[in-house]
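Chemist: Those protein sequence lines, which keep their order, are chains A and W. Going letter by letter, the first sequence gives residues 1 to 583 in our numbering. Going letter by letter, the second sequence gives residues 1 to 583 in our numbering.
There may be inaccurate statements among the hints.
No copy labels: a pair is met if it fits in one copy or bridges any two.
Claimed, not checked - Calculated lysine to aspartate or glutamate pairs in the EDC-like style (CA-CA distance at most 20 Å, straight line):
#: 1; residue 1: 569; residue 2: 134
#: 2; residue 1: 384; residue 2: 68
#: 3; residue 1: 248; residue 2: 564
#: 4; residue 1: 537; residue 2: 397
#: 5; residue 1: 342; residue 2: 459
#: 6; residue 1: 272; residue 2: 84
#: 7; residue 1: 347; residue 2: 436
#: 8; residue 1: 226; residue 2: 387
#: 9; residue 1: 522; residue 2: 479
#: 10; residue 1: 158; residue 2: 564
#: 11; residue 1: 532; residue 2: 560
#: 12; residue 1: 248; residue 2: 435
#: 13; residue 1: 503; residue 2: 582
#: 14; residue 1: 148; residue 2: 436
#: 15; residue 1: 276; residue 2: 448
#: 16; residue 1: 429; residue 2: 376
#: 17; residue 1: 276; residue 2: 564
#: 18; residue 1: 456; residue 2: 512
#: 19; residue 1: 503; residue 2: 530
#: 20; residue 1: 342; residue 2: 315
#: 21; residue 1: 272; residue 2: 397
#: 22; residue 1: 426; residue 2: 376
#: 23; residue 1: 532; residue 2: 582
#: 24; residue 1: 532; residue 2: 74
Quick caveat, the hints were computed from the structure, so don't treat them as lab data. From a predicted model like this one, the values you see are computed outputs, not experimental measurements.
What follows is the residue order along each chain.
Protein chains: 2
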Amino acid sequence: MIRKPPLPGPSDQATHTASATTSRYTQSRTNLRIIPLGGLEEIGANMCVVEFGDDIIIVDMGFAFPDETTPGVDYIIPDTKWLEEHKKKIRGVIITHGHMDHTGAIPYLLPKLGDPPIYTLALTAGLIKKRLEEFNMVGRTKINVITKDDQLNLGAFKLKFFLVNHNIPDSMGIAITTPIGTVVHTGDWKFDHTPVNEKPAEFGKIAKLGVEGVLVLMSDSTNAEKAGYSQSERELGITIDRVFQDAKGRVVFASFSSLISRMQQVFDISAKYNRKVLVTGRSMVNNIEVALSLGYLKVQPKQIIKSDQAKKYPDNQITILTTGAQGEEAAGLARMARGEHKTIKIKAGDTVVVSASPIPGNERSIVAVLDNLTREGANVIYNKVLDVHTSGHAAQEELKLMIALIKPKFFVPIHGEHHMLAAHGKLAKLLGIPDDNVKILENGSILEIDSRGEAKQIEDKIPAGYVFVDGLGVGDVGEVVIRDRQLMAQDGMFVIIVTLERKSGKLINQPDIISRGFIFMKNNDELIREVKHEVTKMVDSGSKKHLEPNWAYLRQVIRDEIGEYLFQKTQRRPMILPVVIEV
Amino acid sequence: MIRKPPLPGPSDQATHTASATTSRYTQSRTNLRIIPLGGLEEIGANMCVVEFGDDIIIVDMGFAFPDETTPGVDYIIPDTKWLEEHKKKIRGVIITHGHMDHTGAIPYLLPKLGDPPIYTLALTAGLIKKRLEEFNMVGRTKINVITKDDQLNLGAFKLKFFLVNHNIPDSMGIAITTPIGTVVHTGDWKFDHTPVNEKPAEFGKIAKLGVEGVLVLMSDSTNAEKAGYSQSERELGITIDRVFQDAKGRVVFASFSSLISRMQQVFDISAKYNRKVLVTGRSMVNNIEVALSLGYLKVQPKQIIKSDQAKKYPDNQITILTTGAQGEEAAGLARMARGEHKTIKIKAGDTVVVSASPIPGNERSIVAVLDNLTREGANVIYNKVLDVHTSGHAAQEELKLMIALIKPKFFVPIHGEHHMLAAHGKLAKLLGIPDDNVKILENGSILEIDSRGEAKQIEDKIPAGYVFVDGLGVGDVGEVVIRDRQLMAQDGMFVIIVTLERKSGKLINQPDIISRGFIFMKNNDELIREVKHEVTKMVDSGSKKHLEPNWAYLRQVIRDEIGEYLFQKTQRRPMILPVVIEV
């Protein structure tokens with residue numbers, strides 16, 4: 001759920017000065033501060049500031065997808081107003097892995113923050129570079145490729161890294177050592193003893209951190225409400241293998257383009273059943289290209305074919321790997337479902353596998369796609385029918401193990417909606433972390449720990465609302481614009497134009513009415529006539545009083561009275577926009 | 001997923017005449033026709049016509065809830081244009097059970113259909129009557145209360161009934177015997193060997209129908225993709241009991257007001273733990289009142305308390321039963337979550353149980369409610385945490401058993417989205433129903449069976465789109481209005497008003513711009529100035545040509561060119577509305 005910003009939208013914050021902020025949040029030189037900017041009230045927009053004295057590092061820089069409360073918006077990114085005022089202190093940006101909810105805001109935010117250098121593992125770096133190409137930002141951004149065993153000194157911070165499992169290779173956690181103790185940030189993770197095409201999480205390093213002592217653990221809460229363990233990617237492979245074994249014709253496999261481990265499974269299983277793989281969808285093609293070139297995907301030579309080669313093979317020797325597992329209108333699968341795909345037409349005998357769990361809000365679009373695929377005769381397999389997707393996030397037993405290994409003094413659940421953080425906090429308490437040391441934060445919260453190791457949550461939060469990306473605009477769509485969109489989506493709008501003679505205040509023409517989304521105008525002559533009549537009366541009675549013309553007042557009267565009139569007639573409340581034109 | 005109507009919206013169908021329709025769909029006197037009007041492309045709006053010769057009966061008359069493709073709409077009901085032309089043939093309306101997706105359209109449709117009599121069991125009748133009171137339709141509608149063992153003759157049809165399990169008592173299936181064979185309509189059902197406060201489904205009657213021979217089985221497909229069996233309501237009780245056992249303070253139990261069996265569980269378990277029950281939410285209060293008065297809910301005297309009595313009891317002796325399990329903004333639970341409930345304030349120590357599975361599209365609102373409740377300190381328990389809800393619909397093994405018992409010649413899966421119907425059809429084929437005898441229909445399909453028992457699907461469908469209920473309007477919001485709402489929700493609107501001198505075609509004032517939902521106008525003076533400048537140029541160049549003034553053409557030019565200009569500047573496409581005013 002995208003919560004409304006707790007403070008006025010970005011456009012209203014223009015008067016918010018640097019000096020005022022600085023004074024409000026002045027801190028002692030020897031205090032550690034953890035300030036999440038996004039990802040603690042929603043899934044997505046992950047971004048966290050760790051500050052010590054004059055040094056800041058940032059962990060992740062992601063976006064979130066809009067929902068029905070933010071219509072027309074493309075992406076939602078964290079509000080970095082506060083950080084921009086402190087950009088001189090930023091020593092680096094660490095990206096834990098290559099998913100968009102951790103990388104998607106980079107092109108928008110990095111320039112505002114003085115282009116600080118990025119540090120991350122090779123695959124993540126490759127995916128970020130590919131995306132920056134689209135923004136013409138390649139030369140500008142400094143991306144430093146690290147390895148999992150590197151140590152990094154950034155200002156007051158010493159950083160070490162440990163690999164975790166997720167569903168993309170090169171997912172890592174970070175141990176951030178400060179003069180007063182170590183903060184461990186897990187990134188997105190699960191423990192997978194039998195991962196695909198990568199190693200299990202580095203238990204040794206994690207256990208060693210615990211032995212050395214950890215001040216704060218920040219850990220992924222996505223599945224904190226799910227009992228038991230997450231399923232291994234390899235076990236999932238057994239299910240997918242069975243689907244391929246049963247498939248008589250083509251297999252169309254739809255998933256997230258960022259699930260590189262899943263892609264590897266599809267290539268391996270396709271190879272086993274002697275199937276060539278046709279890749280479609282821009283982000284799928286891009287990500288596979290990056291992963292192949294860096295050696296993170298291992299594919300037999302000539303297994304990948306182009307669409308013009310596909311004709312040469314019988315259907316049971318073809319796998320189609322596509323985007324669109326969330327029902328996205330413009331993506332490959334939806335276009336196939338609508339019969340609008342350039343080269344691929346769904347037919348009876350095709351097996352379509354949708355390997356993803358729906359992001360809340362996408363359910364209806366996915367159903368529309370499934371229905372259309374079924375109508376075309378495809379055998380459609382998705383999560384409700386068979387487990388063809390597994391989460392990349394730890395469930396309760398793994399979460400407990402992480403806490404038990406790290407044994408932190410303070411526990412800060414991250415990456416989740418509030419109820420998920422609360423559930424994760426409960427687990428930590430069960431494992432013996434004192435109630436007071438479990439810190440449930442929000443976006444913009446400031447957790448401050450002093451040199452004696454005492455923690456307090458500063459009462460004032462920093463402004464940490466959302467910034468909306470819509471078309472070319474970043475932040476120009478604020479709360480007012482969104483509210484207007486919502487209102488017009490509900491009951492439409494109703495513009496009333498009165499053209500008056502300047503001196504007399506008398507109507508020159510009949511009032512004009514333009515309305516959309518309210519009623520079908522052609523069938524409601526009577527209502528429109530009545531409104532024109534009412535407006536005419538209002539203007540006449542105003543002009544008869546021979547007062548100074550007061551158009552603001554006239555507009556207000558029209559808005560109120562016509563609004564009420566229309567509500568009585570229809571029980572709807574369109575947005576009423578009175579316009580007075582003087583000639 | 002609410003599919004777009006296959007035919008133009010209601011408002012465009014004014015010219016659709018009775019005679020044309022009748023001739024197109026003329027049928028032989030001895031043919032049986034099954035015509036679903038709703039519920040076969042969505043969950044909701046269930047309504048089905050069974051016709052033989054000059055007689056029609058209708059099974060169910062429900063509404064569906066809107067989704068993001070139908071913003072601002074209150075309910076969606078089936079289009080009955082065709083049926084209205086044949087209303088003289090209607091012998092009765094049979095309602096299978098008291099849920100809104102089977103009863104909700106009654107107040108809107110019955111008057112259009114000549115107020116045919118309703119036949120249904122006692123609880124369903126009670127719930128319908130209660131609702132008709134709100135529409136001032138009580139005297140007008142003839143509701144005949146039947147019993148499960150009644151036989152009913154309606155025109156050519158002989159009707160018998162059999163009880164099924166669901167999650168409201170008095171849920172029934174119907175055996176409709178016609179001169180050429182029997183049609184069985186299951187209603188919504190599952191088999192529950194240990195139901196709460198009702199009897200198991202009438203297996204005997206069902207098996208007997210199978211023995212006697214059934215021409216067509218129409219059966220509920222909601223969970224046709226779910227392997228295994230549905231959970232018994234009584235097993236669910238064990239989980240709910242455990243929650244009550246652990247609860248230290250108040251238990252707030254949110255569910256659908258129509259799940260009368262669930263309510264019974266809450267009363268029983270509350271009594272066991274010595275808790276009084278406070279009921280809140282209008283529909284909850286109403287439904288409990290009806291169920292109590294008819295004896296379908298058995299509650300100890302004085303167990304139900306009013307809110308002013310609640311203060312007298314300690315928290316651990318109070319259960320609050322409320323509406324709002326779908327996150328509905330105006331319902332009890334959401335108001336408590338926002339701290340806006342008149343009498344109930346959530347506090348630490350409260351246990352909140354959300355006993356429902358989310359209707360697709362409601363996930364985000366539910367999460368917002370859960371998050372707020374958690375913030376207030378409540379222990380929130382919902383389906384992801386613990387199984388506190390069970391479906392009222394049969395899973396695959398039960399569906400197979402029904403088909404095996406009935407052994408129909410033809411199988412028509414109903415009640416579900418297309419992919420659910422397809423999955424149900426597959427089950428029927430597995431059980432030996434020949435492929436050609438499994439008929440996957442859509443809303444408006446006509447399945448015709450002749451006296452030799454041969455079935456064909458008539459090529460022409462009847463018009464069976466959706467009718468939108470919005471405020472007081474039924475059907476006045478059509479596709480055009482909905483599309484405008486969607487467009488304005490995406491990128492807002494942009495009205496350009498040019499005031500011209502009639503004769504010269506010259507601008508009198510600067511163009512006026514009114515825009516909402518596009519950009520924040522105050523911060524975009526420059527853009528607005530540019531647009532005014534461009535529009536002025538367009539008008540000037542037109543007036544200089546000294547042509548006949550052609551305002552339609554001018555509006556078109558403004559719409560196209562300013563639309564393109566704004567898109568280049570913002571990558572957004574607001575709805576452009578040019579207005580030309582002559583004075």
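Chemist: If a hint holds in the structure, say so; if it does not, say that too.
Modeler: To see whether the hints hold, each was checked on the structure:
no. : hint      : in the structure
1   : 569 - 134 : between (51 Å within a copy, 18 Å between copies)
2   : 384 - 68  : neither (24 Å within a copy, 22 Å between copies)
3   : 248 - 564 : neither (63 Å within a copy, 49 Å between copies)
4   : 537 - 397 : neither (72 Å within a copy, 69 Å between copies)
5   : 342 - 459 : neither (56 Å within a copy, 29 Å between copies)
6   : 272 - 84  : neither (52 Å within a copy, 59 Å between copies)
7   : 347 - 436 : between (60 Å within a copy, 19 Å between copies)
8   : 226 - 387 : both (16 Å within a copy, 12 Å between copies)
9   : 522 - 479 : between (33 Å within a copy, 13 Å between copies)
10  : 158 - 564 : neither (64 Å within a copy, 52 Å between copies)
11  : 532 - 560 : within (15 Å within a copy, 29 Å between copies)
12  : 248 - 435 : between (57 Å within a copy, 18 Å between copies)
13  : 503 - 582 : both (9 Å within a copy, 18 Å between copies)
14  : 148 - 436 : neither (33 Å within a copy, 60 Å between copies)
15  : 276 - 448 : neither (55 Å within a copy, 45 Å between copies)
16  : 429 - 376 : between (52 Å within a copy, 19 Å between copies)
17  : 276 - 564 : neither (65 Å within a copy, 43 Å between copies)
18  : 456 - 512 : neither (61 Å within a copy, 54 Å between copies)
19  : 503 - 530 : neither (27 Å within a copy, 30 Å between copies)
20  : 342 - 315 : within (18 Å within a copy, 64 Å between copies)
21  : 272 - 397 : neither (34 Å within a copy, 33 Å between copies)
22  : 426 - 376 : between (48 Å within a copy, 15 Å between copies)
23  : 532 - 582 : both (18 Å within a copy, 17 Å between copies)
24  : 532 - 74  : neither (39 Å within a copy, 28 Å between copies)
Checked against the numbered hints given earlier, this structure breaks hints 2, 3, 4, 5, 6, 10, 14, 15, 17, 18, 19, 21, 24; the rest are met.
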